[in-house]
Structure formats: structure tokens, C-alpha cells
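Q: I would like the entire structure built from these sequences, with the hints used as guidance.
Here the protein sequences come in this chain order: F, Z and R.
1 is the number of the first residue of the first sequence in the working numbering; add one for each residue after it.
329 is the number of the first residue of the second sequence in the working numbering; add one for each residue after it.
634 is the number of the first residue of the third sequence in the working numbering; add one for each residue after it.
Heads up, some of the hints might be wrong.
Computed cross-link-like contacts, EDC-like style, restricted to lysine to aspartate or glutamate with a CA-CA straight-line distance of at most 20 Å [to be verified]:
1. Z:Lys544 - Z:Glu525
2. Z:Lys536 - F:Glu119
3. Z:Lys536 - F:Asp81
4. Z:Lys536 - F:Glu180
5. F:Lys149 - Z:Asp627
6. R:Lys664 - Z:Asp627
7. F:Lys61 - F:Asp81
8. Z:Lys544 - F:Asp81
Hints in this document: simulated from the structure, not taken from any laboratory.
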Amino acid sequence: MKHLLEVKHLFVDLPLPAGMLHAVRDVSFHLDMGETLSLVGESGCGKSITALALMNILPPKAIRRAEILRFEDTDLLRLPDEQMAQLRGAKMAMIFQEPMTSLDPCYTIGNQLEEAILEHKGISRHQARERAVYLLDKVGITGADSRLKQYPHQLSGGLRQRIMIAMGLMCGPSVIIADEPTTALDVTIQAQILELLASLQREFNMGMILITHDLGVVARVADRLAIMYCGQVVETGYTADVFANPLHPYTRGLLDCIPVPGKTKPGDKLGSIAGIVPTPIGDLFGCSFRNRCPQAGADCVQNVDLLELSPGRAFRCLDRPEGLEVSS
Amino acid sequence: MLIYFCKRLGLAVLVTIAVSMISFMMIRVSGDPAIALAGEAATSEEIEFVREQYGFDRPLIVQYLEWASRAIRGDLGESPYMNLPVTEMIGNRIGVTMTLGICALSFAVLLSVPLGVLAAIRPNTWIDRLALTISVIGQAMPSFWFGLIMIIVLGVKFRLLPISGAETPAHFIMPTIALGYYATPAIMRLVRSGMLEVLASDHIRTAKAKGLRWGKILYKHALRNAIIPVVAVLAVQLGFMLGGSIVIETVFALHGIGHLAWVSIGRSDLPVVQAIVLLLSIIYVVLTFLSDMLNAFLDPRIRVK
Amino acid sequence: MTDQAQSFDKGLGLEVVFPSPGRIMRRRMLKSKGFLLGLTMFTLVVLMALLAPLISPHDPYDQDLSQRLITPVWTEQGSWEYPLGTDYLGRDNLSRVFYGARISLLIGFSCMLIAAGIGTSLGLLAGYFGGIVDMVVSFMITVRLALPAVLVAVAVVALIGGSMDVVIVVLGCLVWDRFIVVVRANVQQIKSMDYVPAAKAAGCSVFWILMREIMPNLMNNLVVIATLEIGRVILLEAALSFLGMGVQPPMPSWGLMIAEGKEFMLFEPYLVMIPGVALFILILGMNLLGDGLRDVTSPEGGA
Numbered sequence: 001m002k003h004l005l006e007v008k009h010l011f012v013d014l015p016l017p018a019g020m021l022h023a024v025r026d027v028s029f030h031l032d033m034g035e036t037l038s039l040v041g042e043s044g045c046g047k048s049i050t051a052l053a054l055m056n057i058l059p060p061k062a063i064r065r066a067e068i069l070r071f072e073d074t075d076l077l078r079l080p081d082e083q084m085a086q087l088r089g090a091k092m093a094m095i096f097q098e099p100m101t102s103l104d105p106c107y108t109i110g111n112q113l114e115e116a117i118l119e120h121k122g123i124s125r126h127q128a129r130e131r132a133v134y135l136l137d138k139v140g141i142t143g144a145d146s147r148l149k150q151y152p153h154q155l156s157g158g159l160r161q162r163i164m165i166a167m168g169l170m171c172g173p174s175v176i177i178a179d180e181p182t183t184a185l186d187v188t189i190q191a192q193i194l195e196l197l198a199s200l201q202r203e204f205n206m207g208m209i210l211i212t213h214d215l216g217v218v219a220r221v222a223d224r225l226a227i228m229y230c231g232q233v234v235e236t237g238y239t240a241d242v243f244a245n246p247l248h249p250y251t252r253g254l255l256d257c258i259p260v261p262g263k264t265k266p267g268d269k270l271g272s273i274a275g276i277v278p279t280p281i282g283d284l285f286g287c288s289f290r291n292r293c294p295q296a297g298a299d300c301v302q303n304v305d306l307l308e309l310s311p312g313r314a315f316r317c318l319d320r321p322e323g324l325e326v327s328s
Numbered sequence: 329m330l331i332y333f334c335k336r337l338g339l340a341v342l343v344t345i346a347v348s349m350i351s352f353m354m355i356r357v358s359g360d361p362a363i364a365l366a367g368e369a370a371t372s373e374e375i376e377f378v379r380e381q382y383g384f385d386r387p388l389i390v391q392y393l394e395w396a397s398r399a400i401r402g403d404l405g406e407s408p409y410m411n412l413p414v415t416e417m418i419g420n421r422i423g424v425t426m427t428l429g430i431c432a433l434s435f436a437v438l439l440s441v442p443l444g445v446l447a448a449i450r451p452n453t454w455i456d457r458l459a460l461t462i463s464v465i466g467q468a469m470p471s472f473w474f475g476l477i478m479i480i481v482l483g484v485k486f487r488l489l490p491i492s493g494a495e496t497p498a499h500f501i502m503p504t505i506a507l508g509y510y511a512t513p514a515i516m517r518l519v520r521s522g523m524l525e526v527l528a529s530d531h532i533r534t535a536k537a538k539g540l541r542w543g544k545i546l547y548k549h550a551l552r553n554a555i556i557p558v559v560a561v562l563a564v565q566l567g568f569m570l571g572g573s574i575v576i577e578t579v580f581a582l583h584g585i586g587h588l589a590w591v592s593i594g595r596s597d598l599p600v601v602q603a604i605v606l607l608l609s610i611i612y613v614v615l616t617f618l619s620d621m622l623n624a625f626l627d628p629r630i631r632v633k
Numbered sequence: 634m635t636d637q638a639q640s641f642d643k644g645l646g647l648e649v650v651f652p653s654p655g656r657i658m659r660r661r662m663l664k665s666k667g668f669l670l671g672l673t674m675f676t677l678v679v680l681m682a683l684l685a686p687l688i689s690p691h692d693p694y695d696q697d698l699s700q701r702l703i704t705p706v707w708t709e710q711g712s713w714e715y716p717l718g719t720d721y722l723g724r725d726n727l728s729r730v731f732y733g734a735r736i737s738l739l740i741g742f743s744c745m746l747i748a749a750g751i752g753t754s755l756g757l758l759a760g761y762f763g764g765i766v767d768m769v770v771s772f773m774i775t776v777r778l779a780l781p782a783v784l785v786a787v788a789v790v791a792l793i794g795g796s797m798d799v800v801i802v803v804l805g806c807l808v809w810d811r812f813i814v815v816v817r818a819n820v821q822q823i824k825s826m827d828y829v830p831a832a833k834a835a836g837c838s839v840f841w842i843l844m845r846e847i848m849p850n851l852m853n854n855l856v857v858i859a860t861l862e863i864g865r866v867i868l869l870e871a872a873l874s875f876l877g878m879g880v881q882p883p884m885p886s887w888g889l890m891i892a893e894g895k896e897f898m899l900f901e902p903y904l905v906m907i908p909g910v911a912l913f914i915l916i917l918g919m920n921l922l923g924d925g926l927r928d929v930t931s932p933e934g935g936a
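A: See below:
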């Protein structure tokens, strides 16, 4: 079966004054229609850079390498910039985490909603306006006509994020990448936005990549997830499977940090992961998690490959839980 | 918007009152104006006569109010040296200075905005370095010296341009360059840093993710935002240029109000000097007020509340 | 922080070394071409000023009408007796350039000190107290910017009578605006940092907080502004002297030398070029030094 989006062995390097930052190291995943894949990790683990690499809007100095970077039938690695621009916004949309600053303060909401579809689809202003009104209604914004004439600074953060979502959907994309879409919002608004994203994703049968550091969010909306640490995927699999049977010590650490209804009793201590995330600068070797890992041993200085247990289920650790059947 | 307008207008009026007081006081505190007007060689009777004639013996506040109320009606007194109304003297000269100021500003904008934008979108390339060099040299070169060099090279050596006077447009070329070049660095730096800041902002990333063409992103989203602070600086720079015209008009013997001020200072023609200081200050106040309004027009965050 | 480099994760292959701020600053200084060039130019002019009596071949005030308008050594009629030639009164240009450096630097530094005194104190008050004090100070800045500085300076100097002291005081009282603007903005920023409320809570007096908590954090920016302002003042002084309303003859002010040379510039352009180049080098040096210092001291690195 051919996937909607396929990424194999993606690397992103950023030259910094202190040395080469290996922001993304050997990341592979795929996404199918109507499916939600979540990239999970602490800030700085490379999940946002991965998304920017997919859209080809990395910082100018960044270096992107990959074995396969394919969207539908298009090889993104060899696509000229102008054609990539045509794809962005039209078939691949992205929603960012800062709704307060992600809209241009100088133009009205209507103008910003419509400019992408006018650029990509060659339709009339009137049709573009109709589509904008329709989508504002879809994202739960009432009084669309008056909202379209407003400027970003006149709207609250929650409203702006709804507008960002509507903006992403304007051209009917088949992939939507949401980069921490709820982080900057109030807790009560977070849930609403998340529900909205999930329902729109089902309604339009899009593939969604949801980037988050919040495992609670993942549990609610993601079909599959990939846990990232220090630029690498350390564990990937179906959400329920990973939550029930975490294989990598980092995943176990993360899951210990969140309370589980029914299991965590009042007064129980939640877990935490000791130490700080190292910055992946310079020549790297061995397991990146070994300085914080409770199970680390002398062998962990060797490079660890991603071990595939079954299609879509893999982890990157030398310590294999007993009784595991390794397929390859 | 109305509140903003009223606030700015109120500030402009207050500043105008303050500068009028200063230009009035400037002449009084720096010596006895009667002696200055009558001349060093005047007898004490002559000085007394001047003092009475001009009302210098009355309280300062009365003198100021009288001077200010006449100034509002456009009567800035009479030049004791030329025996002409000051308003008329300035009126004959202001055209040259305004022409020079506007030409110099246009020159500065046409040079600095494109260079600033290019430097920002191609940082650390030869064009960025060229822009930096131009701005560093421009800031360090005294404009009168630059003017003199142009006279020597373009006017005398190659005989390309006339070196003094204001008869033809060609007469304005060298003064325009000399005056405008000095304002270029400030504008260019602001355009460059503004563009760099906007280009790194989140909404430019949004525009990229929307798949807009690069040219459209630059023009519609980046420049539009970066230009807002530049507008404010343009008004300030034009004000500085008009103030600095005293030097350039002297170098090129352009008979504008800067030149008039210099000549009048030399012959202690105080009412004229006072009036020019006041006029240039008020022009500056009006310019900044207009630029505030333009700013509000360009920036919806001010315009729409 | 100490000079000692910190590192962690040794043996992890994820080694990161953070140099100390002092070391970063020194490294940036040596890497910044603009800063080094500016420092060189500035040092050159300072040496010229300090050593003027030792290195000047002639007395800068010595007139000799039989030796007037001699061209520099690189021209046909030039000689090593007067390396940069002589002016219309037969004075040695090289010696006048050396002594002129003293005038420019003296005026530059003195005006800067006056302006820094006025600007820093007002900026501190406006930034720290805010409210009505801030409004009054902001109003003062607006009024000051509205006045045409060169014209006012020329007029006042002309009325009082031109001399170096007058020029210093008048210019010093005209160029404090940037000090206020920068100090005010900086203080507003520092005020919100935790250590200022902490000092307040500990019962420190306002004076103590301003001097011991806020001032030290302003120093970097003050040095940058001061450097740039010296350049600006020297430019203004030159313009004033050029117009004949600044430093008076026979003093060897570079601006005055340009004005005197102007009469003869069609035949002897070097009379205008020599003091102009000296001015250009000094002001360029100050600007490069100021910009360089800003880049070198800014914590986030800058360009």
C-alpha cells in the first residue's frame, strides 16, 4: 500500500556558532489518509524542525537530507522551489503554535484567509470569500462577515487559532501539520481547539501530523505516535499499544509523569526524569538518553539502531524487554 | 482613532508653544538684545532708544505674549538691518529651502530603501557589505566637506554641474546629494533591521506555509510591516535636513532660509534669526504630526481600536 | 561567572562547552573587523593629540608669509620641510592637523560628558519613576528634537561670542537626547527584573537602587552611546567652526581649517582635503568603535 506521506532517514543540520546542531537525526515515518500521527517530545527534540523540513520552510542555513521524502506521487526532495510553494498551502497546510504572532497585523482576517486560495486555485474573489465564510462557520466562528473585516489584534488567542485552522483548510489540503496548536492557549480553550481539529480531520479525511509535548493530547486524538528525543525517534507505534506497553525507558519515564485515572491515587508521587536534555552539537555517538537512563550500561556508548518489532512498531534501545519477538 | 488624533494634536500644540518660548528666550538670555541690535559702537542713548523702541524694557512675559500674538497673525516683526518685514524676507527664500529639503529626502529614500531591503534579504553578501559601507561612510563624512569635494571634482575639474546659485534644476543636484547622503545611513539601517526582524517573524513563516510567492511575501507582508517605523523617521530626517540646510546652503550659495539665517546671524539681525528658528521648529512639529497620522493610517493596531 | 569554561556530558559525545562572557567578548572583539579598524583610527588620533608637541615639525601658529600655500610633499613643488604643505598664512598644515586633533577630542569628550550627565540623570528619573516625570522628560526630548540644533548652536554661539568653552557648553546642552532615550528605555526594562523589586523589598533607598542596581547594568549601553555621541559632537563642532561661529582663529580646528581653505580650494584643493580627511578618519573611527562595542557587548550576539 502506498502511503500519503512517506519520510525515510530524514536528517536536518543547523550550523551554529558553537558547532553543527544535528536537529533531526534519521527520522522515518509515514502517514495515511484520514490518520493522525503524533510527534511527541520535549522542546528542542527536533519535532518542529521535522515539520518545517517537510514543508521546506527551514531556516535559510539549515541542511536537509533524506533517503525518501514523498508526498502522494511527488518526490519532495527533487521538487523545484516554485512547485513546492504551489504544494504548500494548497495540499499541505501547517498550523503554528503562536496564534498571537502568526497573523500579519497589517491585513484583515479576510484578506489573509483568501490570499492562499487566490494564489493557488485561480478562483474569483467572490468565490474565495464564500469559501472563507463557509470555513469560519466550520471552525465555529459566528458572524463571519464582520469577522472577515477585522484585524488580528482585535481577536482573542482562541479565535485567532480557529482562524489559523480555517486558513490551513482553505485550499482543501490532504495533509495538515499542527505544531503545538494549543500550547499558547488557555486550558479551557485548548480542549475546544483540539476537538475541533480532530473532528475537521475526520470530516475532510485528511492526514494529520500533530506535534505536541502533551501525552494527554496524544491519548485523545492520535492513531499512532512517534516519540522523539534529541533529534531521533526513540519509539513508535499505535497509541494504545505504546501507552499499554512502552518499550523505551524514555517513553516509560514520560508516561510515569502523567496521572492515570483510576491508577494514580491521591497523594501518589508522579514520576520525573532526572537530568537535562543534552544539546546535539558536534560528533555524536551512542544512545542520546544514556546520561538520564536508569537502565544505562557500558554498551550504551555504541550506536543504537531502530529495532522494528512489527510494521509500524519500533524502538531504539539495547535493553529488550523479555519475551519480545523480533521479526527482522 | 479620534483620541489618538486629539492626543497628537495636543502634543503638537504644546511643543509649538515650548519652541516658540525657546526661540524667544534664546535671543534674550544670550546678551542684551538692545546692544546687539544697536551695534557694539552705539552710544548709551542709542541703546536706550532701541530698548524703548522694541519694548525690551517691559517684563519678559508681556514681550513674549505680544510677540507670540503677532506671530500667530503672521507678523514676525521687521528686520532692523534690511528694513523689511521678516515674513516677506523668509517668504522669498523658503521655496529654495523646501525644494532642497524635498529633493534631498527623495534622494535619500530612493537610495536607502532599495539598498536596505536588498541588504536584508541577502545578509552577509556583497550587496549587504556595500550598503553597510555606504552607510558607515555617509555617517562619518561632514556634509559641508562632501559638498566642497563635489564642487572641486564635479564642478571645477569636470565642469559637469554649476557650483553655486539656484537658477536651474542642475543647481540643485550637488546640494541634494550632499544633504540627502547624510540622511541615508539612518534610513537604510532602519529598513534593513526592520526587514530582518519582520522576515524572522511568525507571520512570515505563516505566509511561507501558505505557499505564497517569495516576491509577494517580501512586498505584501515584509515590506509593509517594516516600512511603518521608517515613515516616522522620514519626517524626523526631513526636519533635520531643513535644519542642516544652513550649512549646505552656505556651501553652495543657495539663497534659502538657511543661508538667510547665516547671513542674519553675521549681521546681528535677531528678529530674522528668531523667526527662522521658530519656523524650522514648527515645520518639524507639523511633519512629525503628519507622520504620526500616516503611521496610524498604515498601522491598523493604531487605527482600529 | 569565571573565565573557566564549563562543560558537561563529558564522555557522552554530546559535549558542549560554554565559554565565559568575558572570553566571548574578547573573541568577538578580535573577530570584529569594524571594531579593530575603529580602535586603530581612534588610537591614531589620540596619539596625534597627545604627542602633538613632540611630533609637530613646526609651531602650528607660526606664520610665514614667504612660505604660504606650499603644496604637499607628493606634488612637484612640495618638500619634506612641510610634508602636508602650508596654508594661506604660511602655517604648517601637518602641525595644525596634529594640534587640531587635540581640539576635536577635547570638545568631543567634554560635550559628551555634559550631555551624558544631563541625559543619564533625566533618563534614570524618567525610566525609574515613570508617570508624570516620564511625561515631562519625554516632552523635553520632543521639544529638543524640534529645535534645529545647528542653527540654534550657531545663533547662541554668535550672540555670546565664539570660544572653545562656549562651543563645549552649547553643544553639550544640545545633544543629550540620545542618552535620555536609551537610558530611559533601558531602565524601564531593568526595573521589571526581579533584583530591583528585591532590593526595594530589602529596604534599599531609591538612590542606592539607581546607583548600585541599575547603573552598573547601563554601563555597556552608555559606553556605546558615549562613543557614538563623541563622533556626532565632533561633526557638529566642525560644522560650527566651518560657519565661523565655533572655535575662533587662529586655533587649528579642523572645521575652521576647511573654512579657511575654502577660499583657495579651486587652486589648492589639498587645503580642504587634508583637514577633511582627518575629520573623516576620526568620526569614522568613533562610529566604527561605537557600533563594534555594541555588537561585542550585546548579550545575544548580534550581527
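Q: Hint by hint, note whether the structure agrees.
A: Hint by hint, here is what the structure shows:
1. Z:Lys544 - Z:Glu525: Roughly 17 Å between the alpha carbons, so the hint for Z:Lys544 and Z:Glu525 holds.
2. Z:Lys536 - F:Glu119: holds (12 Å)
3. Z:Lys536 - F:Asp81: holds (11 Å)
4. Z:Lys536 - F:Glu180: Holds, at roughly 18 Å.
5. F:Lys149 - Z:Asp627: holds (15 Å)
6. R:Lys664 - Z:Asp627: Roughly 40 Å separates the two Cα atoms, so the pair is violated.
7. F:Lys61 - F:Asp81: holds (16 Å)
8. Z:Lys544 - F:Asp81: Holds, at roughly 15 Å.
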